[in-house]
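Asks: Below, each chain spelled out in residue letters.
Number of protein chains: 2
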Amino acid sequence: MAHAWTTDRAQGLDRADEVGGARGSFLLPEGIIYLDGNSLGALSAGVAGHISQLVEEEWGSRLIAGWNGCGWMEAPERIGDRIAPLIGALPGEVIVADTTTIALAKLLGAALNARPSRKVILSSTDNFPSDLFSATAVARLFGAELRVVDRSEIPAALRDDVAVCCLTHVDFRTGEMHDLPAITALTHDVGALSLWDLCHSAGAVVVGCEEHGVDLAVGCTYKYLNGGPGSQSFMYVRRGIQGELENPLPGWLGHEAPFDFDPSWRPAGGIRRFLTSSPPIISMAALEAALEAFDGVSIEQVRAKSLSLSQLFLEAIEERAPASLVLVSPRDQRRRGSQISLRHEHAASIIEGSAARGVIGDFRAPDLCRFGFTPLYLSHEDVFRAAEMVAEVAVAAEAATG
Amino acid sequence: MAHAWTTDRAQGLDRADEVGGARGSFLLPEGIIYLDGNSLGALSAGVAGHISQLVEEEWGSRLIAGWNGCGWMEAPERIGDRIAPLIGALPGEVIVADTTTIALAKLLGAALNARPSRKVILSSTDNFPSDLFSATAVARLFGAELRVVDRSEIPAALRDDVAVCCLTHVDFRTGEMHDLPAITALTHDVGALSLWDLCHSAGAVVVGCEEHGVDLAVGCTYKYLNGGPGSQSFMYVRRGIQGELENPLPGWLGHEAPFDFDPSWRPAGGIRRFLTSSPPIISMAALEAALEAFDGVSIEQVRAKSLSLSQLFLEAIEERAPASLVLVSPRDQRRRGSQISLRHEHAASIIEGSAARGVIGDFRAPDLCRFGFTPLYLSHEDVFRAAEMVAEVAVAAEAATG
Chain A
292 MAHAWTTDRA QGLDRADEVG GARGSFLLPE GIIYLDGNSL GALSAGVAGH
342 ISQLVEEEWG SRLIAGWNGC GWMEAPERIG DRIAPLIGAL PGEVIVADTT
392 TIALAKLLGA ALNARPSRKV ILSSTDNFPS DLFSATAVAR LFGAELRVVD
442 RSEIPAALRD DVAVCCLTHV DFRTGEMHDL PAITALTHDV GALSLWDLCH
492 SAGAVVVGCE EHGVDLAVGC TYKYLNGGPG SQSFMYVRRG IQGELENPLP
542 GWLGHEAPFD FDPSWRPAGG IRRFLTSSPP IISMAALEAA LEAFDGVSIE
592 QVRAKSLSLS QLFLEAIEER APASLVLVSP RDQRRRGSQI SLRHEHAASI
642 IEGSAARGVI GDFRAPDLCR FGFTPLYLSH EDVFRAAEMV AEVAVAAEAA
692 TG
Chain B
292 MAHAWTTDRA QGLDRADEVG GARGSFLLPE GIIYLDGNSL GALSAGVAGH
342 ISQLVEEEWG SRLIAGWNGC GWMEAPERIG DRIAPLIGAL PGEVIVADTT
392 TIALAKLLGA ALNARPSRKV ILSSTDNFPS DLFSATAVAR LFGAELRVVD
442 RSEIPAALRD DVAVCCLTHV DFRTGEMHDL PAITALTHDV GALSLWDLCH
492 SAGAVVVGCE EHGVDLAVGC TYKYLNGGPG SQSFMYVRRG IQGELENPLP
542 GWLGHEAPFD FDPSWRPAGG IRRFLTSSPP IISMAALEAA LEAFDGVSIE
592 QVRAKSLSLS QLFLEAIEER APASLVLVSP RDQRRRGSQI SLRHEHAASI
642 IEGSAARGVI GDFRAPDLCR FGFTPLYLSH EDVFRAAEMV AEVAVAAEAA
692 TG
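Protein chains in written order, with our numbering: chain A, 292 to 693; chain B, 292 to 693.
Note that these hints are calculated values from the structure, not bench results.
Hints should not be assumed to be uniformly reliable.
No farther apart than 20 angstroms at their CA atoms in a straight line, the calculated lysine to any residue pairs in the SDA-like style are these [stated by the list, open to error]:
| no. | chain 1 | residue 1 | chain 2 | residue 2 |
| --- | --- | --- | --- | --- |
| 1 | B | 410 | A | 431 |
| 2 | B | 410 | A | 433 |
| 3 | A | 410 | A | 450 |
| 4 | A | 410 | A | 436 |
| 5 | A | 410 | B | 431 |
| 6 | A | 410 | B | 433 |
Here the structure is a predicted model, which means the values were calculated and not measured.
Only chain A is shown next, with the shape it has when bound in the complex:
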């Protein structure tokens, strides 16, 4: 039987691709189809030059004067403002600082302080473990309770003792996406604050922080934003509540006048108060350069291509692979992030065999094959070829084990 998906058909989609031009901004290794940008994004062409400039011309030549003379001091807000449109936030609502888990602890603490009569952090059992570690620790520090329920029970668990509802928008295992507008609205209905972890969302799906009234968010910048290994996280705080929230882990960089070295804490206006201490400027430079790949591209275009890629992959896999390779991600596109996860008892060897053919996905124990789709540097043809190879490897794995 002829397959519905062919190289020709994939190439046809590439000819109509509105964001395909960004692919040239990335330096991808030869012979590799990289479907693990949801773990670590790829290197873009401008990064090395931007870092060199920073290291040699700025740090090397300007030394201490770089902080004020080269814009290092403003980097957290300046880079935040470049991320803002990608999550539907306004200028001044996003800042780059710390790591996701620390940023989450800060915003959870700020939320609990802002709702002193409520003592519950609500989350889901399938949330990213580090988020649960952080929420457990913060709950303990604030004399609050972390209530974790199955993701389906979140609406029912939103009662008026909840201070903050803290969920990861796109699940790291399955790619399932929460209904952010609906849950945010329910959260507000009970007077709680909404806090979204956007690690697997930023740069890949439409979030619409402003449109949906999201209060707080965090996210990493090394996945779909391509900021480089361990690049800093971002924090989003809705403008309307910035003035009433406190940073529970304050530091001199978030002070109103850091260079006064005033021993009494006076928080900076706006989102800057959520800073604590000096950011790693060289890593920040990599992130800033990487974000240029989003110039001239809207997040709606990125999302449309992401779905086009994941749909192609899913359909092409399903028409070629054995039935034992089972879809775990939502089939409904409205509930799917930018990845396809497939369950198979030989998942580890399928990921390994695919990698041997140049298709990089990742294995999540015990039995998940996970493939992420970064619209800026993947073509439909790449994804089609990857699907063919993964299917072949799965067929072979099946045959080998009988």
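Following the hints, put chain B in place on chain A, whose structure we already have.
Replies: Using the frame of chain A, we list chain B on its own:
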């Protein structure tokens, strides 16, 4: 009257300088004598190449495989082990992570948890403001009290309600150094833990963490360790107490098995439990390369040269500058870090005038001129010339306003 300090005499010291060879590892701008390495250390020659290698060969080519294949995962401990001998710590006692203020919050929290019946964090009024912000916030989170006293009153304030005594070893304004062995011993006498901020110590003075039984320490790596703007902080936890201390801001990287994605927290053995989340690998690469400047040099040699430089600077200034330029740093070398601070009503214009002649110090409001001495890249001749110029500028400032 002939001056005791001359170019010849300074050059004589340089000929006998045991650590002078390190100077060639640094890329200093032409025509500049940089006495602000206590704010931001200078760029060393190996950094740019090391970063390029990391960005292009590791991130660009290995992508996600870099975490395990290129040693990124072990970077916090590996780089920590290079810092350890510089503060007199053992391998496995130092880890690189976060920023100083966050690291301080973690270790303060760990200390309070380890002494549950005690509710006081003791510090000094002149501690670095960010340390006081952090201690205030942690005290509040743990239901404890931050007690701040004049530095002279620390011994008397060490009573048996103190959980942790948290001081900055070398004062950022004056360069005055606490008597770490004596205060640490007094701290232990009352059953409290000692926590030292080594920001202005690491890489410049002898600390002797192990020798003196220091329990906990933090410090930045962008001053005398030359790690680059905003490079990560380090944490030291004495081996004997690592097992009993908890990280109050846990995250997946400090988990016993991070890739199990187990939602229940099981701390890693040893110091790794104090990690929270992924470190900024590109900035970490700069730090790792910068630390090579310490290869083959002992911290005792560094300290001897540091004192030789600051003593020369002080004496040469005092024989040339007006009496209105008053020493604020301790004259006693045993109590002095690696800087000389001088008070003058026209301090700002003295720093500005010196900078115009190529001598970079810094101004701390309202009236301090601060000069730091990095033994690895400054010669005695540099420091002598700087003293001559600063003195000339001070004389001129005096004449202009007198």
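Asks: None of the hints should be skipped; say for each whether it holds.
Replies: The hints, checked one at a time:
Of the pairs offered as hints, the one joining residue 410 of chain B and residue 431 of chain A holds, with about 17 angstroms between alpha carbons and a cut-off of 20 angstroms not exceeded. Only pairs whose Cα atoms come within 20 angstroms are accepted, and residue 410 of chain B paired with residue 433 of chain A is accepted, the gap being roughly 16 angstroms. Taking the CA atoms of residue 410 of chain A and residue 450 of chain A, the gap is about 11 angstroms. The hint holds against a cut of 20 angstroms. For the proposed pair residue 410 of chain A and residue 436 of chain A, the alpha carbon gap of about 6 angstroms is at most 20 angstroms, so the pair holds.
Between the alpha carbons of residue 410 of chain A and residue 431 of chain B the distance comes to roughly 17 angstroms, so the proposed pair stays at or under 20 angstroms and holds. Restraint check for residue 410 of chain A and residue 433 of chain B: satisfied, since their Cα atoms lie roughly 16 angstroms apart, inside the 20 angstroms limit.
Checked against the numbered hints above, the structure violates none of them.
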